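A.B. asks: Guided by the hints, dock chain B onto chain A, whose structure is given.
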Amino acid sequence: MGIQASRVKEILDSKKFKDIVKKRLRVSLSLTALMLIVYFGFMLTIAFYKELLAVKIGEHITIGLPIGLGVIVFAWLLTGFYTRWANNKYDKAVRELRNEILEK
Amino acid sequence: MGTIETTLGHVNIASIIIFFVFVAITLVITYWAAKKTKTTSEFYAADRNISGFQNGLALSGDYMSAASFLGIAGMVSLKGYDGLIYSIGFLVGWPLVMFLIAEPLRNLGKFTFADVVAFRLKQKPVRIASSVGSLMTIVFYLIAQMVGAGSLINILFGLPYELAVVIVGLVMISYVLFGGMLATTWVQIIKAVLLLSGATFLVIMTLASFGMNPISLFEQAAAKYGDAVLSPGGFVTNPWDAVSLGLALILGTAGLPHILMRFFTVPDAKQARKSVFIATGFIGYFYILTFIIGFGAMVLVGQDVISGIDKGGNMAALLLAESVGGRFFLGFIAAVAFATILAVVAGLTLSGASTLSHDLYVNVIKKGKTDEAGEVKVARISTLMIGLLAIILGLTFKGQNVAFMVGLAFAIAASSNFPSLLLSILWKKFTTKGAVASIITGASLSVILIILSPTVWVDIMGNETAIFPLKNPALISMSASFLAAFIFSKLTMEPSAEEKFEDEKLRTYLGVGAE
Numbered sequence: 083m084g085i086q087a088s089r090v091k092e093i094l095d096s097k098k099f100k101d102i103v104k105k106r107l108r109v110s111l112s113l114t115a116l117m118l119i120v121y122f123g124f125m126l127t128i129a130f131y132k133e134l135l136a137v138k139i140g141e142h143i144t145i146g147l148p149i150g151l152g153v154i155v156f157a158w159l160l161t162g163f164y165t166r167w168a169n170n171k172y173d174k175a176v177r178e179l180r181n182e183i184l185e186k
Numbered sequence: 094m095g096t097i098e099t100t101l102g103h104v105n106i107a108s109i110i111i112f113f114v115f116v117a118i119t120l121v122i123t124y125w126a127a128k129k130t131k132t133t134s135e136f137y138a139a140d141r142n143i144s145g146f147q148n149g150l151a152l153s154g155d156y157m158s159a160a161s162f163l164g165i166a167g168m169v170s171l172k173g174y175d176g177l178i179y180s181i182g183f184l185v186g187w188p189l190v191m192f193l194i195a196e197p198l199r200n201l202g203k204f205t206f207a208d209v210v211a212f213r214l215k216q217k218p219v220r221i222a223s224s225v226g227s228l229m230t231i232v233f234y235l236i237a238q239m240v241g242a243g244s245l246i247n248i249l250f251g252l253p254y255e256l257a258v259v260i261v262g263l264v265m266i267s268y269v270l271f272g273g274m275l276a277t278t279w280v281q282i283i284k285a286v287l288l289l290s291g292a293t294f295l296v297i298m299t300l301a302s303f304g305m306n307p308i309s310l311f312e313q314a315a316a317k318y319g320d321a322v323l324s325p326g327g328f329v330t331n332p333w334d335a336v337s338l339g340l341a342l343i344l345g346t347a348g349l350p351h352i353l354m355r356f357f358t359v360p361d362a363k364q365a366r367k368s369v370f371i372a373t374g375f376i377g378y379f380y381i382l383t384f385i386i387g388f389g390a391m392v393l394v395g396q397d398v399i400s401g402i403d404k405g406g407n408m409a410a411l412l413l414a415e416s417v418g419g420r421f422f423l424g425f426i427a428a429v430a431f432a433t434i435l436a437v438v439a440g441l442t443l444s445g446a447s448t449l450s451h452d453l454y455v456n457v458i459k460k461g462k463t464d465e466a467g468e469v470k471v472a473r474i475s476t477l478m479i480g481l482l483a484i485i486l487g488l489t490f491k492g493q494n495v496a497f498m499v500g501l502a503f504a505i506a507a508s509s510n511f512p513s514l515l516l517s518i519l520w521k522k523f524t525t526k527g528a529v530a531s532i533i534t535g536a537s538l539s540v541i542l543i544i545l546s547p548t549v550w551v552d553i554m555g556n557e558t559a560i561f562p563l564k565n566p567a568l569i570s571m572s573a574s575f576l577a578a579f580i581f582s583k584l585t586m587e588p589s590a591e592e593k594f595e596d597e598k599l600r601t602y603l604g605v606g607a608e
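Residue numbers (my numbering), protein chains in the order written: chain A, 83 to 186; chain B, 94 to 608.
Chain A on its own, in the form it takes in the complex (with noise of 0.2 Å):
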């Protein structure tokens, strides 16, 4: 799709396309703090308060292992999340967008 020099501009400056790179940013920024806040915060408690993850919620089981298999899980559901809102919000976003450059 070939877009005229000023037409860029336009886009560039444009409200929407702000919008949308706001958005995304902000939403892929969060996401990836909330990951690595997860991570690390696990990481540091085993580093820092091993004890904390050896107490006991049954007769051997512990809670760091409901913990452990969490972040994983955890690190699963957040790319769901990503995806749905992507396919929902972003990609609709971007299609309008993308719908009033090729009319013009």
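Bear in mind the hints are in silico, worked out from the structure with no lab data behind them.
Given the structure is predicted, the values throughout are model-derived calculations rather than measurements.
Beta carbons: idealized from backbone N, C-alpha and C, even for Gly.
Check the hints yourself; a few may be wrong.
[Said to hold, decoys possible] Restricting the straight-line Cα-Cα distance to at most 27 Å, the calculated cross-link-like pairs of lysine-lysine (DSS-like) are: (1) A:138 - B:317; (2) B:522 - A:104; (3) B:217 - A:132; (4) A:100 - B:593; (5) A:104 - B:363; (6) B:317 - A:91; (7) A:97 - B:363; (8) B:317 - A:104; (9) B:363 - A:174; (10) B:522 - A:91; (11) B:521 - A:91; (12) B:203 - A:105; (13) A:91 - B:593; (14) B:317 - A:132; (15) A:171 - B:521; (16) A:97 - B:593; (17) A:100 - B:203; (18) B:363 - A:100; (19) B:522 - A:100; (20) B:583 - A:104; (21) A:98 - B:522; (22) B:203 - A:91; (23) A:91 - B:583; (24) A:97 - B:521; (25) B:583 - A:100; (26) A:105 - B:593; (27) A:104 - B:521; (28) A:98 - B:593; (29) B:363 - A:98; (30) A:105 - B:522; (31) B:522 - A:97; (32) B:203 - A:174; (33) B:215 - A:105.
[What the hints assert, rightly or not] Selected chain B positions facing chain A (in silico; Cβ < 8 Å): (34) 215; (35) 308; (36) 311; (37) 335; (38) 369; (39) 380.
C.D. replies: Frame of chain A, contents of chain B only:
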């Protein structure tokens, strides 16, 4: 328990037959793929016709190496919970690949991640630097895989080490050379399905001895080896070590050239994100399975037997397979492990070949001016070169301790490939000099620091104390790489790069003009 008679190391007929069936089927696929592999886009990117689901499976096939299957199950069987901590690090890089890299990469690139780094910068210096980072990552990863392949096959089948390395090398070369990305993708998919179903079956057979209740498996393990196996042990002692290794694993995943290359095989950004969702699910599921397999081996095989056969516990999953499913099942799992290695080295070789031909030959030597047929030919010659190099490296490093090279490959990927890729997507004022400085700083510091670290300086070279305290250098080498990018970009101005950043945004966010 504890007195299991193992047939490991003897010729296992079931295993050899299953392995040859696998090779035969994959070679037929290669023959089919070869007919559809004529253009560059077909050779490097399977003509961008792979669906998100297929690519997700192929990504997990690329990522789930024999080392992670056998190594992590072994670690869990000997250390318990600590093995889980290790595998979590390998998984959490995937969401970051999705949030930060996958879609911009798909929209901006053509065949390699260096396409994205060089998108608005000066082609020649950036391509050369990126190729250095890429090739170093690939070579260290390849050495670890080839040496692992030789010794594993030696233990499993009783085949001589050298023969095993040559067989793996030749079969893998024929996939890539003739079938390009299409054949490589299907090898990954088949391998992923085999590995996931094999591991699932192994878990079901194991849990059958525990009333299908994993909790009762964990409880018996604790009863036999003490409660310590269910909580963190000595894996993380120094918090800085934990942070540094964590950074290498999670950001390294986002800088592995053979993983990044897979995003060019799907038609658009939407399929790229879907493939990460699928891959993360399968890889996470796989790590949960290896955790149960490790505990199964701990209880049903016993730690003495496992460490008696291999100090690192690498045979735990296979011993468990033999104990719950007999010789035939052992043969099946062994053949799957063999297939796994083949698939991973094929992916690495293809990505190494694309760096040599697309980044260095076409864009540096020929300055982007080549014809289709010529480039495909060069890509095939590069495949042959990287494939033969893999065989030579496998033979050269026989008997050496190469386990640290996986950690090194991740450190280089995190410190050299990842920073330049991320900044080229996000930072308008990123310049050519900044990119080159960042890549060179990250790659060279990773290598120098790992030599001075306890991993090499003490464990391999036998010195008393290490000069550099951390086991993995990523914390320092990656920070230095970002710092170098910042300083050199601030010192230099590149108006053309800033200007192109605006155009690039249309492509990054809207997919306008994506190939």
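A.B. asks: Each hint needs a verdict: does it hold in this structure or not?
C.D. replies: Now for the hints, and whether the structure bears them out:
no.	hint	result
1	A:138 - B:317	holds (17 Å)
2	B:522 - A:104	holds (18 Å)
3	B:217 - A:132	violated (50 Å)
4	A:100 - B:593	holds (17 Å)
5	A:104 - B:363	holds (19 Å)
6	B:317 - A:91	violated (70 Å)
7	A:97 - B:363	holds (24 Å)
8	B:317 - A:104	violated (55 Å)
9	B:363 - A:174	holds (12 Å)
10	B:522 - A:91	holds (19 Å)
11	B:521 - A:91	holds (16 Å)
12	B:203 - A:105	holds (26 Å)
13	A:91 - B:593	holds (12 Å)
14	B:317 - A:132	holds (22 Å)
15	A:171 - B:521	holds (26 Å)
16	A:97 - B:593	holds (20 Å)
17	A:100 - B:203	holds (26 Å)
18	B:363 - A:100	holds (20 Å)
19	B:522 - A:100	holds (18 Å)
20	B:583 - A:104	holds (24 Å)
21	A:98 - B:522	holds (24 Å)
22	B:203 - A:91	holds (25 Å)
23	A:91 - B:583	holds (26 Å)
24	A:97 - B:521	holds (19 Å)
25	B:583 - A:100	holds (25 Å)
26	A:105 - B:593	holds (22 Å)
27	A:104 - B:521	holds (15 Å)
28	A:98 - B:593	holds (20 Å)
29	B:363 - A:98	holds (20 Å)
30	A:105 - B:522	holds (21 Å)
31	B:522 - A:97	holds (23 Å)
32	B:203 - A:174	holds (25 Å)
33	B:215 - A:105	violated (30 Å)
34	215	violated (22 Å)
35	308	holds (6 Å)
36	311	holds (6 Å)
37	335	holds (5 Å)
38	369	holds (6 Å)
39	380	holds (6 Å)
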